[in-house]
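J.: The primary structure of each chain is shown beneath.
4 protein chains.
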Amino acid sequence: MDIRIGMIGYQFMGKAHSHAYRDIPFFFESKAKPVLKALCGRNIEAVKEAADRMGWESVESDWRELIKRDDIDVIDIVTPNHTHAEIAIAAAEAGKHIITEKPLALTVEEAKQMKEAVEKHNVIHMVCHNYRFVPAIQYTKKLIDEGKLGKIFHFRANYLQDFIIDPGFPLIWRLKKEVSGSGALGDIAAHSIDLGRYLVGEMDEVVAMSQTFIKERPLGEMSGGLSASASSEEMGEVTVDDAVAFLVRFNSGTFGTFEASRFATGNRNRNTIEINGEKGAIRWDMEQMNNLEIYLTDDQEGMQGFRNVNCTEEVHPYAGAYWPAGHIIGYEHTFIHLLYEFCEAIVNNRQAKPDFHDGYQNQLILKAIEQSAETKKWIDIPKA
Amino acid sequence: MDIRIGMIGYQFMGKAHSHAYRDIPFFFESKAKPVLKALCGRNIEAVKEAADRMGWESVESDWRELIKRDDIDVIDIVTPNHTHAEIAIAAAEAGKHIITEKPLALTVEEAKQMKEAVEKHNVIHMVCHNYRFVPAIQYTKKLIDEGKLGKIFHFRANYLQDFIIDPGFPLIWRLKKEVSGSGALGDIAAHSIDLGRYLVGEMDEVVAMSQTFIKERPLGEMSGGLSASASSEEMGEVTVDDAVAFLVRFNSGTFGTFEASRFATGNRNRNTIEINGEKGAIRWDMEQMNNLEIYLTDDQEGMQGFRNVNCTEEVHPYAGAYWPAGHIIGYEHTFIHLLYEFCEAIVNNRQAKPDFHDGYQNQLILKAIEQSAETKKWIDIPKA
Amino acid sequence: MDIRIGMIGYQFMGKAHSHAYRDIPFFFESKAKPVLKALCGRNIEAVKEAADRMGWESVESDWRELIKRDDIDVIDIVTPNHTHAEIAIAAAEAGKHIITEKPLALTVEEAKQMKEAVEKHNVIHMVCHNYRFVPAIQYTKKLIDEGKLGKIFHFRANYLQDFIIDPGFPLIWRLKKEVSGSGALGDIAAHSIDLGRYLVGEMDEVVAMSQTFIKERPLGEMSGGLSASASSEEMGEVTVDDAVAFLVRFNSGTFGTFEASRFATGNRNRNTIEINGEKGAIRWDMEQMNNLEIYLTDDQEGMQGFRNVNCTEEVHPYAGAYWPAGHIIGYEHTFIHLLYEFCEAIVNNRQAKPDFHDGYQNQLILKAIEQSAETKKWIDIPKA
Amino acid sequence: MDIRIGMIGYQFMGKAHSHAYRDIPFFFESKAKPVLKALCGRNIEAVKEAADRMGWESVESDWRELIKRDDIDVIDIVTPNHTHAEIAIAAAEAGKHIITEKPLALTVEEAKQMKEAVEKHNVIHMVCHNYRFVPAIQYTKKLIDEGKLGKIFHFRANYLQDFIIDPGFPLIWRLKKEVSGSGALGDIAAHSIDLGRYLVGEMDEVVAMSQTFIKERPLGEMSGGLSASASSEEMGEVTVDDAVAFLVRFNSGTFGTFEASRFATGNRNRNTIEINGEKGAIRWDMEQMNNLEIYLTDDQEGMQGFRNVNCTEEVHPYAGAYWPAGHIIGYEHTFIHLLYEFCEAIVNNRQAKPDFHDGYQNQLILKAIEQSAETKKWIDIPKA
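Chains as they are written, first to last, in UniProt numbering: chain Z, 1 to 384; chain W, 1 to 384; chain A, 1 to 384; chain E, 1 to 384.
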C-alpha cells in the first residue's frame, strides 16, 4: 500500500525524514510503501534542488496547495515551530494523516487545538520524538515494563550541546521566542521530557531555573544542520533560554532531575539518561547510542557492575533489521524506526505513539517549566 | 616540630585520619611531624584495640579529659555530627587546634558558635572536605584560577550511592536527624557543595527537592564503613532525606545543578563534577579519581575532545610525592593531603582551608536547601 | 552520469552494497548516479525477492549472462571468496568495471590473475576494505600524512569476534578452506592488514601463530548476517583457523602486532587499532567507530591525555555529508563512502583505492602468514 | 611476632616496600609485625636521609655487614637487577628469608643458583610480582579456579609505557644490558608473563620480535621514579630492547599474545590483560586497577556485555581491609598485599607465592624470548 507523503520543509529535519522514508522498505518488511510525493517550501528553486537530491517526485511552494492535493496521504511538517499549528490543523481538516517535528507547537493553546483537530478529523497523528526509537531506549522500556528494574527511584536526564557558546554565533530562528517558542527547553529538553514520560510516566509538578548567558547576538542565518554564520554587524536580542534545569516529581514517586544546555562546552550532542530502580539501573548516552549500560541488583555479589551492552543483537528492538551484532547504527536510524511505526499505523489503521496527545502533554510541561522559571515557584503540571 | 594529635572517634573516618597522619612524613617533607598521642572513645576496650592497631600512644574514654591534657596540640573530631559542636567549642577554649569531620555541625547555630569559638581563641581550624585534595580537583582549581576555562557557565555535581536501597538495611545513625542533621544532603551533597564553593565561588540562591523513599527501617547498627546489620525486628522512622536535588545560582552567574542520593542503584560512590566554561571544560568522577577529563575550546578543529588526563605527573598537585606517572593513588590519599595542609598550617602558624568559616557557610547552604525542600520556595543563601 | 550496477550475491554484503548505492546520491553531490540495474544469484526466487526488497530493476540467475549485458557498467561481486577470481576475470574481459568483496581471492595465484586481468582490460577496480572509509580512519590517515604523529613506532591491531565459540555453531562456508581460503585470517585479519598498509605502509616480514579451537562441527547453513543453525547431526571438519596472531616488521621500521579471533568471548565485532608515533598516538575501536582517541606529545604538560574526538564535524572526512556534530553514523556508512569513491573514480576515469593491487598485496601477506603459521618460521613478504 | 627487615636499596622500589611494611599492621590483622630494622646502601649519607624519612631504625653501607647482623630476619633486595644473585645467595647462606624485586636475576644461571640456594638453606623466598596482588587480579584468579570462565581460549597482555621516547632521555641503568639484563622485556613484560603463568599456567613455546628504536643516548642518571636527566653530552649505546612482542602457546592450549614497550606514546603505565574463555571473559587495565570488566556467556540474551565491576567490596580479595565499596585503592597497595603474604608465610612457616621458583621460570621464559628474537625461531620453554 502506497503511503504518499507531502513534506513541508527541507532543512536538517527534512533531510532526516526523507532519508528515513527511503530506507524503510529496504530494511523492514511491511505492506506500507512510503512514496516521496511532494516537497514543499517557499523558495521554489531551493525546493526543486532539494527534491531532486532527496528523491521527491514533485514540488510545491505553498503548503495550502500541497494540502489540497488528492495524491497526498500524509503531511509531514518539518518547518520551524511557529508554523506547525496552522499547517497541522489545515491538514487535519483536509483529512491528511500528520506527522510533525517537535515541539508540537509554539504554545499550549496551539497544541490543544492541534490535538482536537486530529481527533475530530480522525486522522493518524504523530510527533517526532525520535530518541524513543533508539534500540537501547526501546529495550529499556521493555526492561521496565517487564519489571526488570523494579520500582523506579530516579530518572536523571541531561541534554548538553555547545554550539552557541561563541558570542559571534548569530541570532538564528532557534534563538527567537516568536519562532521557536523557547530555547534549549523546547529544542532539546523536550526530548528528555518525552523520554521521561515514555519510560517513567506522567509528571506531577516541577520547579525550574533557566538562563540566557549571551543576551545579544549579531543577526544571521542557519547554514545547514546546526551551523550558522553572522550576516550583519547589527545585533538582536536573544529571547529564549540558553540553559534550563528542572526538578520533577513523577506520578510514580520517581525523583526526576533534568538539565539542558547549549552552553555545555565540550558536548556536541550529549543526550543522556540514567534510571535507578530497586532491582536495576540503566545508563545511556546518545553519542554512544548503540550501547546500554545495565545494572542488576540480583547479579552475584562480587560481579555486580554496569554491563556495557551493544544493542545490536536480534533481541534488541529494530536491530535485527540491520547488520550482525556489533555492527552499529546511527542517528538517522531513529527516524527510520519512527517513520516505520507511523507507516505501520496508517496501513493498519491504528494510532501510533508518540502522538499529538503526547505532544500536547509535552507542551503543558514545557509551559509549566517556563512558568516556574519565571515565577520561581513550583508548578503543578496539568494533564492533557 | 611534633604535632601531638588527640582524636575522638575511631570508626571509618578515624581510620582514614589515623592512616593519613602516619603517612604524611613518609611522603612529604615538612618541619611538622604528627604524633598519634591519644585516641578517645566511650568504649574503652574498643578504643584500646583500635589504638593498638592504628598506632596511638594512649587512650581516653572521656573527651573532656583528652582536652585537658597538656601533651595534646590538636583535637581531631571524627564522631557523629551531633557531637561536633560541644567538643570543638571546648577544645577551642582549651587552646587546641581543631580539625573536624564534615558537616561541621548539626545546625547553623552550632556552626556559628564553633566558628566564633575558634576565632576568639585564635586556634587553627579545618573541616574535612577531603575531596578538595584529590590531585585532579586541585589541578582543576589551578586551571580555573589561571583562566584556562574562562568564565564558568555550568557547574554540575552528582553524588550517587546505593547502600541503603534494601528495605532491610537498618536505621543507623546516619538515618536519624537528631544525630546526623540530614541524610544524603549533609553526608554527601555537602561534599559537592564544598567543591562548588571551592571551584566556582559562593552561591546566591537555591531551590531544592528531597525525598525519603523508605520511611521505616528495622533498628540496627553500623558494622564498619558503610555496612550495617539489623539487630531487631522493631522498626523506627527514617527522619532524613534519602535523596536531594537542588538548583543553584552562583554569585558568578554560574548555573549550578546538584543531586545526591543513597538510592542511585548501581553506584557505590559515584561523586562526579562537570564544569563548562567559555574556554574549556572538565569532567571528573571520584571512582576514577586520578583521571581528569579536560576540554579546551582552542584545540585545533577536528581534534577537539575531552582529554583523559591521568593526574599522576609531577606537575599535578601532590602527585610528585608518590609514584611515577601512571601509577595511581586512592581514596585514602585525600586525607593525607588534607591533614598535611593542616599540619603545615600549624607549623607555619597560618590558617588552612577549608576552615570553620567554610564549614559554617556550607551549613548555611545545607539549611537553605532544607528550607527550600520544606517550603517549596527559592531561598536566598546568607553569607557567613 | 548513470553507473549501471550488476551485483552477484545478495546476502550480508549484498545488502550493505545495495543500501550504499541507494544512499550515495542522497548524501553526496556527484555527477555519478548509481543505478541498481540487475541482481544475480543461482536461486532465482530468492534473488527476485531480494531484488524487490532492495530496489534492483532486474534479476539474473547466471552471472555469465549478467556480464554479457550491455546495460551493465559495473560488476559487483559479493559472493563467497572462491568465486571471485573467475567472475572478476570474465568481467574484466567484458570491459566491466569491477568491485569485489575482500579478500580479493582464494589464493595468491588467483589474485595475481585478477590484477593482471583488470590492468590488461583497463577497467576500474576496487576491493571492499570498507574500514578504510570510516571518517576516524580517514582522519587518522590525514594526521599521519601531515606528520602530526611523527615517525610511527607501533601499529597494533586486534579484530575480535565471538560468534563461533558455541561448539554447536555449524560448519558454515566461512569455516571451509576450499570456499573461504582461511578463517579469522582472511575474514577479519585481512581488514587489519589493509588498515596497516593504508596507514603505515608495506610490510617486510611476518611471523604467525594460528589455532583451531574446535576441529569438528555439525553441518549447517548461514541464516543471515553471521547467524547460522545446524541442519544435521552429521559432523564435518573445520579447515580454517579460529584465531591468528602475527608480528610484523613494516618497511618503515614500525613494529606491528596483530591478532584476530572468532573465539574472543564477549567481543561481537571489536576491530581496534592503536598507533604510537614520536609526536602523537591514536586509538580506535570500530564498535565506537565515530570516536577517535588522539594524543599529542606537544600538548601542555599536565594536560596530556588521549582526547576523545567524535569525528562527526565538517572537518572530518565524509562527516559533513550527514548530520550536525555529535550525531553519529554507523557501519553501513563505510560502504556508502567506499562505493562513492568507486563511482567517482568511474565518472572521472581514474583509479580508486584500495584496488586489486592492494587486494593482491593483501593476499600475499595472508599467504605469508599462513606459511609462517605452518612452518613456524619468519616469512619475507613479497611485493606485488 | 616481629619480622625484622633489612632492606638493600632505597629508590623507587625501596620506597614502595618501606611504605608497605608500615601499612601492613594498620590494615591487616596478623601475628606478624614487620619491623624496619636496617636500610642499606653504598652512599651512607643518602641512606641515612632515606632511613630517617621512611622510618628505618638503622643504616648500613655494606650489604655484607647487613647480612651478618643477628637482628635481621629478612633481606629485602630492591637494588638493580645485576646485584640480586650475589646478595640473595649470601643471604640464604646466612639463613635469612629473602624477598627480591623482579626480575629475579640477570640470567637464567643466576636465577637457578638463587633458587637452589634458598631451597638448600630452607628460607622463605618471594619475588615481587606485585600485580598479582591487585584485588581485581586475585578475583580473576578465583573466577578461573572456580571454572567461571571455563576453558581459556585467549590470554592477551599489553604493558605499554612511553617514558623514553624523547631521544634526549639519558642512558639510565634500565637501558644497559649488563645492569638490567633486558629492557621492556625484563622490566615490564616480565610482569605480564607472571600474570599469564599465575592465571593460565605454564607456557610451552614462544616466538618473539624485539626492537630498539633509539640506539644511542646521552649519559645520565635516574632522578627518582622513572624520571631522569642527561648529565653529559657524551653518548652511549642502548643495549636493551625498547619494545618486545611475543606469541605463546600455553600448556593449557591457550593462545597467548604479549606486547611490551617503552615507546607506546600516550601510555604512561598501561598494563592490561584480557582473557577469553568458553564461559566468560575479563578485561583489566592497571591504570584503572580497581575495575574488572567481566563478561559471562550465560547472562540473559540481550543483556550480555562486559560488567564494569569496582573490586572494592568485601568479597574482593584484600578490599575488605580498606574502605567502603566504591572508595578506591592505588598502586602502592599491591606491595602491601604482597608483603603481607610474605610476612604471613614467615610467621606460619610456609612458602609464599610467587617465589624463586616462579622467578626462575620467569627468567627461563625471558631467555627463550630473547633467543627467539635473536634467532628468529620458535623456542621451546624449559620447565624449571
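Quick caveat, the hints were computed from the structure, so don't treat them as lab data. Fair warning: there could be bad hints in the mix.
For identical chains, the list gives no copy identity; a pair is met inside one copy or between any two copies.
[As the list claims (entries may be wrong)] With a cut-off of at most 20 Å between alpha-carbon atoms, the simulated SDA-like pairs for lysine to any residue come out as follows:
1) K31 <-> E178
2) K120 <-> V108
3) K376 <-> R249
4) K383 <-> E109
5) K367 <-> E109
6) K279 <-> D299
7) K279 <-> D166
8) K142 <-> N308
9) K148 <-> S30
10) K215 <-> S252
11) K377 <-> T83
12) K367 <-> N348
13) K48 <-> V238
14) K353 <-> P167
15) K279 <-> L364
16) K148 <-> P167
17) K142 <-> M303
18) K68 <-> G95
19) K31 <-> E49
20) K141 <-> Q211
21) K151 <-> I214
22) K377 <-> T297
23) K33 <-> E57
24) K215 <-> R249
25) K383 <-> F163
J.: For each hint, tell me whether it holds in the structure or not.
T.: Status of each hint after checking the structure:
Proximity of K31 and E178 under a CA criterion of 20 Å is satisfied in neither setting, with 41 Å inside one chain copy and 41 Å between copies. Taking the shortest Cα distances, K120 and V108 sit within 20 Å of each other inside one copy (18 Å), while across copies they are farther apart (59 Å). In this homomeric assembly, K376 and R249 come within 20 Å of each other (Cα to Cα) both inside a single copy, at 16 Å, and across copies, at 12 Å. With identical chains, the CA atoms of K383 and E109 are at most 20 Å apart within one copy only, with a shortest distance of 14 Å there and 44 Å across copies.
In the homo-oligomer, the alpha carbons of K367 and E109 lie at most 20 Å apart inside one protomer (10 Å), although the nearest pairing across protomers, at 40 Å, exceeds that limit. For the identical chains of this complex, K279 and D299 are neighbours both inside a copy (10 Å) and across copies (16 Å), given an alpha-carbon limit of 20 Å. For a Cα distance limit of 20 Å, the shortest separation of K279 from D166 across copies, 10 Å, qualifies, whereas the shortest one inside one copy, 44 Å, does not. In this assembly of identical chains, the alpha carbons of K142 and N308 lie at most 20 Å apart only when taken from the same copy (17 Å versus 23 Å across copies).
For the homomeric pair K148 and S30, neither the shortest alpha-carbon distance inside one copy (31 Å) nor that between copies (44 Å) is at most 20 Å. Proximity of K215 and S252 under a CA criterion of 20 Å is satisfied inter-copy only: 16 Å between copies versus 38 Å inside one chain copy. In this assembly of identical chains, the alpha carbons of K377 and T83 never lie at most 20 Å apart, being 31 Å within a copy and 36 Å across copies at closest. For the homomeric pair K367 and N348, neither the shortest alpha-carbon distance inside one copy (34 Å) nor that between copies (56 Å) is at most 20 Å.
Proximity of K48 to V238 under the C-alpha cut-off of 20 Å is found in neither arrangement, the shortest distances being 33 Å within a copy and 57 Å between copies. Proximity of K353 and P167 under a CA criterion of 20 Å is satisfied in neither setting, with 39 Å inside one chain copy and 36 Å between copies. Within a single copy, K279 and L364 get their C-alpha atoms no closer than 32 Å, and across copies no closer than 36 Å, so neither meets the 20 Å cut-off. Taking the closest pair of Cα atoms, K148 and P167 come within 20 Å of each other only across two copies (18 Å); inside a single copy the shortest separation is 46 Å, beyond that limit.
Proximity of K142 to M303 under the C-alpha cut-off of 20 Å is restricted to the inter-copy arrangement: shortest distance 12 Å between copies versus 24 Å within a copy. Only within a single protomer do K68 and G95 lie at most 20 Å apart by alpha-carbon distance; the minimum there is 10 Å, versus 51 Å between protomers. For a Cα distance limit of 20 Å, the shortest separation of K31 from E49 across copies, 14 Å, qualifies, whereas the shortest one inside one copy, 30 Å, does not. Taking CA atoms no more than 20 Å apart as the test, K141 paired with Q211 passes in neither setting, with 32 Å inside one copy and 24 Å between copies.
Only between protomers do K151 and I214 lie at most 20 Å apart by alpha-carbon distance; the minimum there is 12 Å, versus 41 Å within a single protomer. Proximity of K377 and T297 under a CA criterion of 20 Å is satisfied in neither setting, with 37 Å inside one chain copy and 36 Å between copies. Proximity of K33 to E57 under the C-alpha cut-off of 20 Å is found in both arrangements, the shortest distances being 15 Å within a copy and 17 Å between copies. In this assembly of identical chains, K215 and R249 lie within 20 Å of each other by CA distance solely across copies; the values are 17 Å between and 31 Å within a copy.
Taking the shortest Cα distances, K383 and F163 never come within 20 Å of each other, neither inside one copy (34 Å) nor across copies (36 Å).
Figure legend: structure checked against the earlier numbered hints; hints not met, in rising order: 1, 9, 11, 12, 13, 14, 15, 20, 22 and 25.
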